[in-house]
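Residue numbers (this note's numbering), protein chains in the order written: chain A, 5 to 312; chain B, 5 to 312.
Hints are supplied without guarantee of correctness; some may be wrong.
The list makes no distinction among identical chains, and a pair is therefore deemed to hold if it is satisfied within one copy or across any two copies.
Capping the alpha-carbon separation at 20 Å, the derived lysine to aspartate or glutamate pairs in EDC-like fashion look like this [as the list claims (entries may be wrong)]: (1) Lys305 - Glu200; (2) Lys284 - Asp257; (3) Lys82 - Asp214; (4) Lys17 - Asp288; (5) Lys29 - Glu278; (6) Lys17 - Glu160; (7) Lys253 - Glu130; (8) Lys303 - Asp203; (9) Lys281 - Glu249; (10) Lys82 - Asp216; (11) Lys303 - Glu200; (12) Lys303 - Glu160; (13) Lys29 - Glu249; (14) Lys142 - Glu249; (15) Lys305 - Asp235; (16) Lys305 - Asp214; (17) Lys133 - Asp214; (18) Lys112 - Asp209; (19) Lys253 - Asp288; (20) Lys305 - Asp203; (21) Lys112 - Asp214; (22) Lys281 - Glu130; (23) Lys112 - Asp216; (24) Lys305 - Glu223; (25) Lys29 - Asp257; (26) Lys231 - Asp286; (27) Lys305 - Asp286.
None of these hints come from the bench; they were simulated from the model.
As the structure is a prediction and not an experimental result, all values here were calculated from the model.
Protein chains: 2
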Amino acid sequence: MSPINLAIVGVGKIVRDQHLPSIAKNPNFELVATASRHGTVEGINSYTTIEAMLDAEPSIDAVSLCMPPQYRYEAAYKALVAGKHVFLEKPPGATLSEVADLEALANKQGASLFASWHSRYAPAVEAAKAFLASTTIKSVHVIWKEDVRHWHPNQEWIWQAGGLGVFDPGINALSIVTHILPRQVFITGAVLEFPENRDAPIAADIHFRDADGLPVHAEFDWRQTGKQSWDIVAETAAGQMVLSEGGAKLSIDGTLTFAEPEQEYPSLYRRFAEIIKAGKSDVDLAPLRHVADAFMLGKRKFVDAFHD
Amino acid sequence: MSPINLAIVGVGKIVRDQHLPSIAKNPNFELVATASRHGTVEGINSYTTIEAMLDAEPSIDAVSLCMPPQYRYEAAYKALVAGKHVFLEKPPGATLSEVADLEALANKQGASLFASWHSRYAPAVEAAKAFLASTTIKSVHVIWKEDVRHWHPNQEWIWQAGGLGVFDPGINALSIVTHILPRQVFITGAVLEFPENRDAPIAADIHFRDADGLPVHAEFDWRQTGKQSWDIVAETAAGQMVLSEGGAKLSIDGTLTFAEPEQEYPSLYRRFAEIIKAGKSDVDLAPLRHVADAFMLGKRKFVDAFHD
Numbered sequence: 005m006s007p008i009n010l011a012i013v014g015v016g017k018i019v020r021d022q023h024l025p026s027i028a029k030n031p032n033f034e035l036v037a038t039a040s041r042h043g044t045v046e047g048i049n050s051y052t053t054i055e056a057m058l059d060a061e062p063s064i065d066a067v068s069l070c071m072p073p074q075y076r077y078e079a080a081y082k083a084l085v086a087g088k089h090v091f092l093e094k095p096p097g098a099t100l101s102e103v104a105d106l107e108a109l110a111n112k113q114g115a116s117l118f119a120s121w122h123s124r125y126a127p128a129v130e131a132a133k134a135f136l137a138s139t140t141i142k143s144v145h146v147i148w149k150e151d152v153r154h155w156h157p158n159q160e161w162i163w164q165a166g167g168l169g170v171f172d173p174g175i176n177a178l179s180i181v182t183h184i185l186p187r188q189v190f191i192t193g194a195v196l197e198f199p200e201n202r203d204a205p206i207a208a209d210i211h212f213r214d215a216d217g218l219p220v221h222a223e224f225d226w227r228q229t230g231k232q233s234w235d236i237v238a239e240t241a242a243g244q245m246v247l248s249e250g251g252a253k254l255s256i257d258g259t260l261t262f263a264e265p266e267q268e269y270p271s272l273y274r275r276f277a278e279i280i281k282a283g284k285s286d287v288d289l290a291p292l293r294h295v296a297d298a299f300m301l302g303k304r305k306f307v308d309a310f311h312d
Numbered sequence: 005m006s007p008i009n010l011a012i013v014g015v016g017k018i019v020r021d022q023h024l025p026s027i028a029k030n031p032n033f034e035l036v037a038t039a040s041r042h043g044t045v046e047g048i049n050s051y052t053t054i055e056a057m058l059d060a061e062p063s064i065d066a067v068s069l070c071m072p073p074q075y076r077y078e079a080a081y082k083a084l085v086a087g088k089h090v091f092l093e094k095p096p097g098a099t100l101s102e103v104a105d106l107e108a109l110a111n112k113q114g115a116s117l118f119a120s121w122h123s124r125y126a127p128a129v130e131a132a133k134a135f136l137a138s139t140t141i142k143s144v145h146v147i148w149k150e151d152v153r154h155w156h157p158n159q160e161w162i163w164q165a166g167g168l169g170v171f172d173p174g175i176n177a178l179s180i181v182t183h184i185l186p187r188q189v190f191i192t193g194a195v196l197e198f199p200e201n202r203d204a205p206i207a208a209d210i211h212f213r214d215a216d217g218l219p220v221h222a223e224f225d226w227r228q229t230g231k232q233s234w235d236i237v238a239e240t241a242a243g244q245m246v247l248s249e250g251g252a253k254l255s256i257d258g259t260l261t262f263a264e265p266e267q268e269y270p271s272l273y274r275r276f277a278e279i280i281k282a283g284k285s286d287v288d289l290a291p292l293r294h295v296a297d298a299f300m301l302g303k304r305k306f307v308d309a310f311h312d
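Next up, chain A with everything else stripped away, as it sits in the complex (with noise of 0.2 Å):
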């Protein structure tokens, strides 16, 4: 087929260091527009809010939305009444009922609705899921431990209420484990962190069970110097899993048994154009969901105010 037309919403650093090089190397897509407050895409025509994008620009088919999501619906809605498909980058929306509604609208207009996990497209994890799925689980550990300085130096919405906090990487790390366990979980209690200074929290501490009574703790924190912790270690009845750097590789007692290069974001084009193609949407709300379960259920604790 002919490729779709793409445009790209929130031109950002998540855009340049991932979206774009993934768009250049796909062949089904084509990069046409772009819409943004400030950033731009050399020799790409460019826009300051997307409703001047779509009415100049009738060919566009699909649009990628990578702006912060407090401001995602709008965009999302607009986009769909115009009868564009849409790419969510994660997490979805700020609230779990309007990306139901966004659903809803994208399958009444005929539209593919992507709510993309990239985490779940990293190297190892189709093979953690399989390992898991071929044996017995004991218990589940999650350390999703970085520095926030690093990854997020002076991005404010992620401390603004609805920005989310720890749960801004601590949401890729659900998004895999809600792939690779065989039974869904859910929260029996957790810890939030919140600095005295901020509205979103800096760490959280949580526990899950599933219905056969599977323990599943998960530590989020946003203060590790030094080496940082992506990792979800599964004791089981056939020895200690590490699935470890956000996905990359996996281990069995000690030994790796798989590593391959990460392709998280042109494995998230090409699940787009495979949807766009199959005329579906593709939209698991499950660790968004508990996300605002562990708002809602967790016991909020004030921590050191925290300064970038």
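We have chain A already, so just place chain B on it with the hints.
Chain B alone, transformed into the frame defined by chain A:
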């Protein structure tokens, strides 16, 4: 058909005030057993745990779960695995994920799961829905203000993390709003007020909108002494609609157009019998989803300590 043999788990105030009289008047049900740590019902076999009750009383067809939401999943799971139909008092659980899990289990077991929202069965709710469907709505204002010391004296669980605080009554308003409005709404901003000595909010101020931009403003407050307010006010092209007293009365431009005696719990048990007969479930998570969204998106504010 012969009566449905019913058991109640968690015998407290709401059971004595509402469930028992409603069950006694409904020929579709026969109360055969209770399980509760402390409460019993005169003349009915009583047990201290649901496990002991299910073991000893194989004739049970259905159970009503009326304990605090933090403990509901475990009991619902056991009942569904035993093939019993399950009635969940509101809110249906401590997390959205656990209720989604129960719904999947009920479908698998061929049992009926009823996530009940008693306020949806308030007398004037259907009349309000019909009125709103007949006109154009300009704005909606929800005022749900009551005295927690009067309605929940010394109920510690409502103040614990996961106890929902002022959302315990507020979710009743949300269950009505989500039922009577023509389109789904979603939260755009919220402020939650936490007493400095409690883990659950005592007040919440929430702004919603729908896809057409309809503004919906909800104020929940547990510090209201004197006159209590459970009102939903809609400004419409056909005048001002006031659904008052928790859904009991409907007025248009000051003229009372609908008022009938309260029949919420009798209606809930009629509905429960109906879905059991039809072999289906009735699980609408929208009210709880809005509460989770409010906790996730809302700004936290600290207010004076609360003492019972």
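Hints and how they fare:
1. Lys305 - Glu200: Both. Shortest intra-copy (9 Å) and inter-copy (11 Å) distances satisfy the 20 Å Cα cut-off.
2. Lys284 - Asp257: neither (40 Å within a copy, 46 Å between copies)
3. Lys82 - Asp214: Classified as between; 14 Å across copies, 38 Å inside a copy.
4. Lys17 - Asp288: neither (25 Å within a copy, 39 Å between copies)
5. Lys29 - Glu278: Answer is within; shortest intra-copy Cα gap is 16 Å, inter-copy 57 Å.
6. Lys17 - Glu160: Within one copy, since 14 Å is at most 20 Å while 47 Å is not.
7. Lys253 - Glu130: Answer is within; shortest intra-copy Cα gap is 11 Å, inter-copy 56 Å.
8. Lys303 - Asp203: both (15 Å within a copy, 6 Å between copies)
9. Lys281 - Glu249: neither (32 Å within a copy, 52 Å between copies)
10. Lys82 - Asp216: Between. Shortest inter-copy distance 11 Å satisfies the 20 Å Cα cut-off; intra-copy 43 Å does not.
11. Lys303 - Glu200: Cα proximity of lysine 303 and glutamate 200: in one copy and across copies (15 Å, 13 Å).
12. Lys303 - Glu160: between (24 Å within a copy, 15 Å between copies)
13. Lys29 - Glu249: Cα proximity of lysine 29 and glutamate 249: none, with 24 Å in one copy and 61 Å across.
14. Lys142 - Glu249: Classified as neither: same-chain Cα gap 22 Å, cross-chain 51 Å, threshold 20 Å.
15. Lys305 - Asp235: neither (25 Å within a copy, 34 Å between copies)
16. Lys305 - Asp214: neither (26 Å within a copy, 33 Å between copies)
17. Lys133 - Asp214: within (16 Å within a copy, 39 Å between copies)
18. Lys112 - Asp209: Answer is neither: 39 Å inside a copy and 32 Å across each miss the 20 Å cutoff.
19. Lys253 - Asp288: Classified as neither; 24 Å inside a copy, 40 Å across copies.
20. Lys305 - Asp203: Both, since 12 Å and 9 Å are each at most 20 Å.
21. Lys112 - Asp214: This pair counts as between: shortest inter-copy Cα distance 16 Å, intra-copy 34 Å.
22. Lys281 - Glu130: neither (23 Å within a copy, 43 Å between copies)
23. Lys112 - Asp216: between (38 Å within a copy, 16 Å between copies)
24. Lys305 - Glu223: within (15 Å within a copy, 25 Å between copies)
25. Lys29 - Asp257: neither (37 Å within a copy, 63 Å between copies)
26. Lys231 - Asp286: neither (34 Å within a copy, 49 Å between copies)
27. Lys305 - Asp286: Neither, since 36 Å and 37 Å both go past 20 Å.
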